[in-house]
Amino acid sequence: MRYIDTHTHLDFAAFDHDRTAVLDDCLRLGVQRLVVLGVTASNWARVWQLCQQQPMLHAAFGLHPMFCQEHKPQHLDQLRQQLQDCVGNQPLCAVGEFGLDFYIDGADREAQQGLFEQQLALAADFALPALLHVRRAHAQCIATLKRFKLKRGGIIHAFTGSREEAAEYCKLGFKLGLGGAATWPQARRLQRTVAELPAASIVLETDSPDMPPGFAAGQRNSPQHIPQIAAHLAALRDEPLPQFAEQCWHNSCELFDWADTPVS
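Mapped onto UniProt numbering, the consecutive letters of the sequence shown carry residue numbers 1 to 264.
To be clear, the hints were calculated from the coordinates, so they are not data collected in a lab.
In this text, all values refer to a predicted model and were calculated from it rather than measured experimentally.
Do not take every clue at face value.
Stated by the list, open to error - Using 20 Å as the maximum straight-line C-alpha spacing, the simulated EDC-like pairs for lysine to aspartate or glutamate come out as follows:
1) Lys146 to Glu168
2) Lys171 to Glu254
3) Lys72 to Asp25
4) Lys146 to Asp105
5) Lys146 to Asp210
6) Lys149 to Glu165
7) Lys149 to Glu254
8) Lys171 to Asp210
9) Lys146 to Glu164
10) Lys72 to Asp108
11) Lys149 to Asp125
12) Lys149 to Glu117
My request is simple: use the sequences and hints to build the entire structure.
Printed below as a string of structure tokens:
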């Protein structure tokens, strides 16, 4: 079976001591492609360098809402330039990670919304998918996406919303990123939602090194967990794992416009 991890932070220091070994093991496990997302202007160069060194890695650049206080007005200009410099090169696959996070204490919603819309405009300008972080803000996010109507859609990272919200995102051309959250025994509502999602809407992710699955509680999360996460999700949906894994692979390739073939 073959897999794609659509959301990692493999550039983070948590992987500095064994990154090559992790990638080697991913290939052994069938995890053939990984997306590495930038979150601040300061880490884009590191993400790009890493992705140029490894053909299985793909890059996305964005300004994450959790670091809103760190972002400066000039960083949007720098993001446009970063995308301009990299567009057309194989590692670049999306704009992200960006979005709305109203869970943060004292969140400046107006500032987040402005940053969100400006990055959606960049995704539209460069005809790239948008990889979105959305917490406690689905209604606002959906309303905004309806105005922008991105041709390439994108992914709602770590989706834990309702069936109704899932349906709205799917109408807008977005896939739903599922990872370790549904593997926790207490996540019953999410598990019921996962069981009812359209097969064509699901892509796999880990958010490594964050958001470990229930079977790796307290550990560093890793793209090596993708096959076990997929097995858990397939069981929730009462689907054969090979069928579920292949559907997720196809969904990811369709979104990113990748050839539906293994990475050489």
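Comparing the hints with the structure gives:
no.	hint	result
1	Lys146 to Glu168	holds (9 Å)
2	Lys171 to Glu254	holds (16 Å)
3	Lys72 to Asp25	violated (38 Å)
4	Lys146 to Asp105	violated (27 Å)
5	Lys146 to Asp210	violated (30 Å)
6	Lys149 to Glu165	holds (16 Å)
7	Lys149 to Glu254	holds (18 Å)
8	Lys171 to Asp210	violated (29 Å)
9	Lys146 to Glu164	holds (15 Å)
10	Lys72 to Asp108	holds (14 Å)
11	Lys149 to Asp125	holds (12 Å)
12	Lys149 to Glu117	holds (12 Å)
Against the hints set out earlier in the document, violations occur for numbers 3, 4, 5 and 8.
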